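There are 4 protein chains.
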Amino acid sequence: MEKTITDMLRTTPRGPLIDPAPLARCIATCFECAQACVACADACMMEGQSGALHRCLRLNLDCADICQTIGRLLSRQHEPSYRVLIAGLEVCALTCRTCADECALHAAHYEHCEICERTCRSCLAACQQLLSAFELASPR
Amino acid sequence: MEKTITDMLRTTPRGPLIDPAPLARCIATCFECAQACVACADACMMEGQSGALHRCLRLNLDCADICQTIGRLLSRQHEPSYRVLIAGLEVCALTCRTCADECALHAAHYEHCEICERTCRSCLAACQQLLSAFELASPR
Amino acid sequence: MEKTITDMLRTTPRGPLIDPAPLARCIATCFECAQACVACADACMMEGQSGALHRCLRLNLDCADICQTIGRLLSRQHEPSYRVLIAGLEVCALTCRTCADECALHAAHYEHCEICERTCRSCLAACQQLLSAFELASPR
Amino acid sequence: MEKTITDMLRTTPRGPLIDPAPLARCIATCFECAQACVACADACMMEGQSGALHRCLRLNLDCADICQTIGRLLSRQHEPSYRVLIAGLEVCALTCRTCADECALHAAHYEHCEICERTCRSCLAACQQLLSAFELASPR
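Protein chains in written order, with my numbering: chain A, 28 to 167; chain B, 28 to 167; chain C, 28 to 167; chain D, 28 to 167.
Treat the hints as calculated values from the structure; they're not laboratory data. From a predicted model like this one, the values you see are computed outputs, not experimental measurements. It is possible that part of the hints are untrue.
If chains are identical, the list can't say which one is meant, so a pair holds when it fits in one copy or spans any two.
[Said to hold, decoys possible] Quick list of in silico lysine to any residue cross-link-like pairs, SDA-like style, CA-CA up to 20 Å: (1) Lys30 <-> Ser149; (2) Lys30 <-> Glu141; (3) Lys30 <-> Pro43; (4) Lys30 <-> Glu138; (5) Lys30 <-> Asp46; (6) Lys30 <-> Ala134; (7) Lys30 <-> Arg52.
Just need the whole structure built from these sequences, with the hints factored in.
Dropping the structure here:
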């Protein structure tokens with residue numbers, strides 16, 4: 028997926044809005060994390076008859092929606108509001124961290140939670156790197 | 028739509044996570060705003076051959092995605108992360124304000140921009156009222 | 028919400044792609060159904076510790092995603108592919124019927140399932156009416 | 028991304044609903060296509076001041092929404108409605124083909140349309156292969 032994202036960034040009329048390497052990485056991890064969270068919610072539904080995974084299921088659903096939306100926003104290169112993008116990235120990072128921390132509680136018992144935690148942490152790291160790139164590009 | 032939202036909040040197993048009146052209002056305006064922004068983007072595509080509406084089109088697409096996602100998060104009553112919800116509401120308010128301010132520049136010429144501006148401002152106000160309700164419920 | 032949808036349809040540059048009454052109705056019920064299904068999935072998560080509501084939860088999530096997407100497609104008036112719109116409406120109708128039939132099995136015990144069933148059936152009816160309008164507009 | 032999808036399928040409680048190879052491939056291409064279509068719509072907005080890319084922009088938006096939703100449905104392994112999944116895959120294939128055919132008209136002039144066409148055709152092929160796998164699994 029990252030190859031196609033990079034190709035699209037290279038061919039967009041006025042060029043990417045920021046350094047394409049951390050941007051492509053962040054877009055790719057947002058979509059990857061959205062998918063993993065949808066899948067982990069589904070897995071948690073089947074395991075969690077005691078209710079122990081309810082919080083995990085719910086945060087998975089939230090994280091899937093947020094990551095998907097931020098992945099879409101970052102896929103648009105033209106006429107951005109930088110304030111919206113940066114605030115969106117910060118919420119995405121917070122949601123990924125929150126979901127990862129919850130998944131971590133169950134990672135020893137459920138391998139899907141372990142994989143989902145890892146995917147959320149990759150997305151968190153990619154959001155933070157892109158936030159740094161934005162900060163470097165326009166120091167306040 | 029607000030009637031169905033209120034009914035769902037009334038019948039959810041452990042009750043709504045906050046005062047249901049501002050919550051139902053905010054959920055309803057998030058979905059209403061998402062729809063209006065999708066429609067305004069489509070209208071802007073057809074009008075804006077000079078490029079004057081490109082920024083409006085783009086912010087409409089972002090605002091549609093954000094409002095829809097926050098509307099979904101707020102529709103879930105159980106096992107929330109309040110930090111994620113509050114941060115999400117703040118991004119939603121910022122995006123609605125940004126989109127409304129852009130639509131306002133074109134409202135005199137394009138009635139769909141005027142309607143979309145109004146819808147974004149309603150959603151912004153509903154987000155702010157719900158943020159106040161969260162603050163009252165758990166003073167820091 | 029239907030008022031704003033109708034206003035947007037009235038002011039779109041080249042007019043709505045079909046009779047605006049069934050179109051506005053269908054768009055409104057798609058978004059209403061998406062919201063109700065997200066809420067019902069969340070409620071089912073909390074009730075269904077025996078697993079009896081797992082299928083309901085899952086179909087709710089699918090129906091939320093499909094209705095939301097078809098609501099977005101129908102909100103765009105320009106340069107449509109009628110084949111895609113009609114096929115999309117048919118899937119939306121099928122998904123609403125499937126979800127409503129599952130909700131119906133639990134409606135006696137869970138009021139949120141009863142409300143969700145009703146909302147799915149409204150959306151199903153609105154999809155069917157819009158499909159009829161498309162058929163009248165372009166008899167094969 | 029396909030690696031994470033495959034890992035999630037391997038660890039889901041009751042196993043994937045079908046042969047995991049074409050399933051993982053189809054989920055991955057749905058998300059990849061959703062991203063490429065969002066990016067191509069954004070690029071088309073900036074190029075298409077003559078209106079020649081309006082249809083491309085619009086079909087990109089539709090294809091992004093459909094692919095994303097079908098990618099989510101296929102990420103859920105438990106308690107499916109096979110009829111909904113199959114009908115959803117058929118709409119996804121139709122939408123990808125329609126969008127690819129439109130992109131093809133502009134591929135000689137705009138490299139992003141060429142990349143998007145290729146991505147849509149990959150997703151179309153993956154949907155068709157998954158449809159074949161469903162047919163083999165349950166001959167009518």
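Going down the list of hints, with the structure as the test:
In this homomeric assembly, Lys30 and Ser149 come within 20 Å of each other (Cα to Cα) both inside a single copy, at 18 Å, and across copies, at 14 Å. For the identical chains of this complex, Lys30 and Glu141 are inter-copy neighbours only, at 14 Å across copies versus 26 Å inside a copy, given an alpha-carbon limit of 20 Å. Taking CA atoms no more than 20 Å apart as the test, Lys30 paired with Pro43 passes inside one copy only; the shortest distance there is 15 Å, against 27 Å between copies. In the homo-oligomer, the alpha carbons of Lys30 and Glu138 lie at most 20 Å apart only across protomers (14 Å), although the nearest pairing inside one protomer, at 28 Å, exceeds that limit.
Only within a single protomer do Lys30 and Asp46 lie at most 20 Å apart by alpha-carbon distance; the minimum there is 15 Å, versus 26 Å between protomers. For the homomeric pair Lys30 and Ala134, the shortest alpha-carbon distance between copies (18 Å) is at most 20 Å, but the shortest distance inside one copy (30 Å) is not. For a Cα distance limit of 20 Å, the shortest separation of Lys30 from Arg52 qualifies both inside one copy, at 10 Å, and across copies, at 16 Å.
Every hint, counting from the list given before, is met by this structure.
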